[in-house]
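Asker: Listed below, chain by chain, are the residues.
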Amino acid sequence: MKDDIKILEVLEYLPKHISAMIMKLPEKVLTDMEEIRLRLTKPICLSGSGAEIFIAGQDGSYLVNEDDLKCALQLICNYSMYSVEEELRNGFITINGGHRVGLCGRTVIDNGKVKTLKDISYMNFRVAKQIIGASDKIVGHLIRSPDSIYNTLIISPPQCGKTTLLRDLVRTLSDGRKDMLFKGMKISLVDERSEIAACSMGIPKNDVGIRTDVLDGCPKAEGIIMMIRSMSPDIVATDEIGRTEDADAITAAVNAGVNVITTIHGSNITDFIKKQDLNRIQKGVFERYVVLSRRNGAGTLEAVLDGKYDVLFEMRG
Amino acid sequence: MTLKIIGGLLVISASGLLGLLFSNRLSLRYRELEKLRRLMQMLETEVTYGATPLPAALCSISKKSEGLISNFFINISKCLSERSFYTVREAWNESSELILTQSSLKKADIELIKSFGNILGSSDREDQKKHFQLFYLQLKHQEDAAIEEIKRSAKMYRSLGFLLGIAVFVVFA
Numbered sequence: 005m006k007d008d009i010k011i012l013e014v015l016e017y018l019p020k021h022i023s024a025m026i027m028k029l030p031e032k033v034l035t036d037m038e039e040i041r042l043r044l045t046k047p048i049c050l051s052g053s054g055a056e057i058f059i060a061g062q063d064g065s066y067l068v069n070e071d072d073l074k075c076a077l078q079l080i081c082n083y084s085m086y087s088v089e090e091e092l093r094n095g096f097i098t099i100n101g102g103h104r105v106g107l108c109g110r111t112v113i114d115n116g117k118v119k120t121l122k123d124i125s126y127m128n129f130r131v132a133k134q135i136i137g138a139s140d141k142i143v144g145h146l147i148r149s150p151d152s153i154y155n156t157l158i159i160s161p162p163q164c165g166k167t168t169l170l171r172d173l174v175r176t177l178s179d180g181r182k183d184m185l186f187k188g189m190k191i192s193l194v195d196e197r198s199e200i201a202a203c204s205m206g207i208p209k210n211d212v213g214i215r216t217d218v219l220d221g222c223p224k225a226e227g228i229i230m231m232i233r234s235m236s237p238d239i240v241a242t243d244e245i246g247r248t249e250d251a252d253a254i255t256a257a258v259n260a261g262v263n264v265i266t267t268i269h270g271s272n273i274t275d276f277i278k279k280q281d282l283n284r285i286q287k288g289v290f291e292r293y294v295v296l297s298r299r300n301g302a303g304t305l306e307a308v309l310d311g312k313y314d315v316l317f318e319m320r321g
Numbered sequence: 014m015t016l017k018i019i020g021g022l023l024v025i026s027a028s029g030l031l032g033l034l035f036s037n038r039l040s041l042r043y044r045e046l047e048k049l050r051r052l053m054q055m056l057e058t059e060v061t062y063g064a065t066p067l068p069a070a071l072c073s074i075s076k077k078s079e080g081l082i083s084n085f086f087i088n089i090s091k092c093l094s095e096r097s098f099y100t101v102r103e104a105w106n107e108s109s110e111l112i113l114t115q116s117s118l119k120k121a122d123i124e125l126i127k128s129f130g131n132i133l134g135s136s137d138r139e140d141q142k143k144h145f146q147l148f149y150l151q152l153k154h155q156e157d158a159a160i161e162e163i164k165r166s167a168k169m170y171r172s173l174g175f176l177l178g179i180a181v182f183v184v185f186a
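Sequence order for the protein chains is G and D. Sequential numbering from 5 applies to the first sequence in my numbering. Sequential numbering from 14 applies to the second sequence in my numbering.
If we strip away everything but chain G, and leave its shape as in the complex, we get (with noise of 0.2 Å):
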């Protein structure tokens, strides 16, 4: 049991009298935990499933010192500033099990770039996990034949279970389902926050099957180049697209025959529509767009639209 409640991996990294009095909510409390966050002369908050709970001392509320959030920055980067330089420029680190450590604090600029951040007085903890078999209901609409599936566009706002539902598609896709007779696909994962594979040391710590190469840590657009050329993918995953490189890039694998399945922040298909930096993937790439909500709890499957935009799915009500 004690091993399903992933937000004791996120613990180790916090000081010991904060993790100590978090350990002493009940075990289902914890088990539905998905964010805990500190904040700098502010009580520690835990959300999830809707809830929200502040953690209290023993006399009365605990506020966040400086020396908690300093302490907490030591052990997420493992006492080595230089280590995460590049992760503290995009605002978060990954750490050990794929959980994710955003950051908040002043920023420092350097020609009109954001160097470095500095005085961190906020974080929060991102529970990530693994579910099995969330890519059950939708995996039938993306496969086209037994050895190719439609280029696929997940679209969802944040905490919706976007990146829960694309790895469970490459694990899915990786492996093959015999019962839908796919034969499976060499997938190549650009990983580029490393929260997919949740690579630590190469090693990726979720199951992302048996046909999938992990590209941790590489920039997407460079990042989708260089795995169609050195190792011959039939499917190139990554996650939250955005910029113009990146489309260039999936416009790239596409015309090599390389089918794509890939993410987008959004409630529905306008806003992928509306994004100018997109413009050149939006018509005639995608074949198949997932959308997701939270309304039944995260990974809510919303609708499931065809190339033409025209509904496959959708959920009532």
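Be aware that a few hints might be false.
What the hints assert, rightly or not - Listed below are the simulated DSS-like cross-link pairs for lysine-lysine, each with C-alpha atoms no more than 25 Å apart in a straight line:
#  : chain 1 : residue 1 : chain 2 : residue 2
1  : G       : 209       : D       : 91
2  : D       : 17        : G       : 74
3  : G       : 119       : D       : 143
4  : G       : 117       : D       : 142
5  : D       : 142       : G       : 122
6  : D       : 127       : D       : 48
7  : G       : 119       : D       : 142
8  : D       : 91        : G       : 20
9  : D       : 143       : G       : 117
10 : D       : 142       : G       : 74
11 : D       : 143       : G       : 74
12 : G       : 10        : G       : 20
13 : G       : 74        : D       : 127
14 : D       : 143       : G       : 122
Claimed, not checked - Taking beta-carbon pairs under 8 Å as the criterion, some of the chain G residues facing chain D (in silico):
#  : residue
15 : 19
16 : 86
17 : 87
18 : 89
19 : 276
No wet-lab data here; the hints were simulated from the structure. We treat Cβ as the ideally placed atom computed from N, Cα and C, and that holds for glycine.
For this one, chain G is given, so just place chain D on it according to the hints.
Answerer: The following block gives chain D in isolation, referenced to the frame of chain G:
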């Protein structure tokens, strides 16, 4: 008479050895400083080029050497991976107190090493590199001082040992 000669020889050789021991201790300090420099250069490579996190970097460099200085690095790596301390500085200081004080290093050397613990791991790669360079410069001073001391004192200790032995023999014989 024979007894006297044997006794005299014993006294002279004992104090002579004592002198050798002292002079050896001086060059030991220099050798330890040199080893420290070599290991620190490896650490610099791990930090600035490899961006390896400290616990792993310290562990891997300490495997390439042995002795007290190498134990010092192993101990820090252990403290950090076991989470006994929340900062590098604390682990570094603790290790210096625990291990380096047993070495032939002087207090000033240990203070210099300790001060480096404040910086290690706390900034970006570029900045770490600068601090490493500064550390080498400071280390050079200590090395020079050690060499100077060897030149000056080693000979003296050695001859002083023998002379003292002879003096004792002459006085008591």
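Asker: Determine for every hint whether it applies to the structure shown.
Answerer: Here's how the hints hold up against the structure:
no.: 1; hint: 209(G) x 91(D); verdict: 24 Å, holds
no.: 2; hint: 17(D) x 74(G); verdict: 71 Å, violated
no.: 3; hint: 119(G) x 143(D); verdict: 18 Å, holds
no.: 4; hint: 117(G) x 142(D); verdict: 22 Å, holds
no.: 5; hint: 142(D) x 122(G); verdict: 19 Å, holds
no.: 6; hint: 127(D) x 48(D); verdict: 16 Å, holds
no.: 7; hint: 119(G) x 142(D); verdict: 17 Å, holds
no.: 8; hint: 91(D) x 20(G); verdict: 18 Å, holds
no.: 9; hint: 143(D) x 117(G); verdict: 23 Å, holds
no.: 10; hint: 142(D) x 74(G); verdict: 23 Å, holds
no.: 11; hint: 143(D) x 74(G); verdict: 23 Å, holds
no.: 12; hint: 10(G) x 20(G); verdict: 17 Å, holds
no.: 13; hint: 74(G) x 127(D); verdict: 21 Å, holds
no.: 14; hint: 143(D) x 122(G); verdict: 19 Å, holds
no.: 15; hint: 19; verdict: 7 Å, holds
no.: 16; hint: 86; verdict: 5 Å, holds
no.: 17; hint: 87; verdict: 5 Å, holds
no.: 18; hint: 89; verdict: 5 Å, holds
no.: 19; hint: 276; verdict: 36 Å, violated
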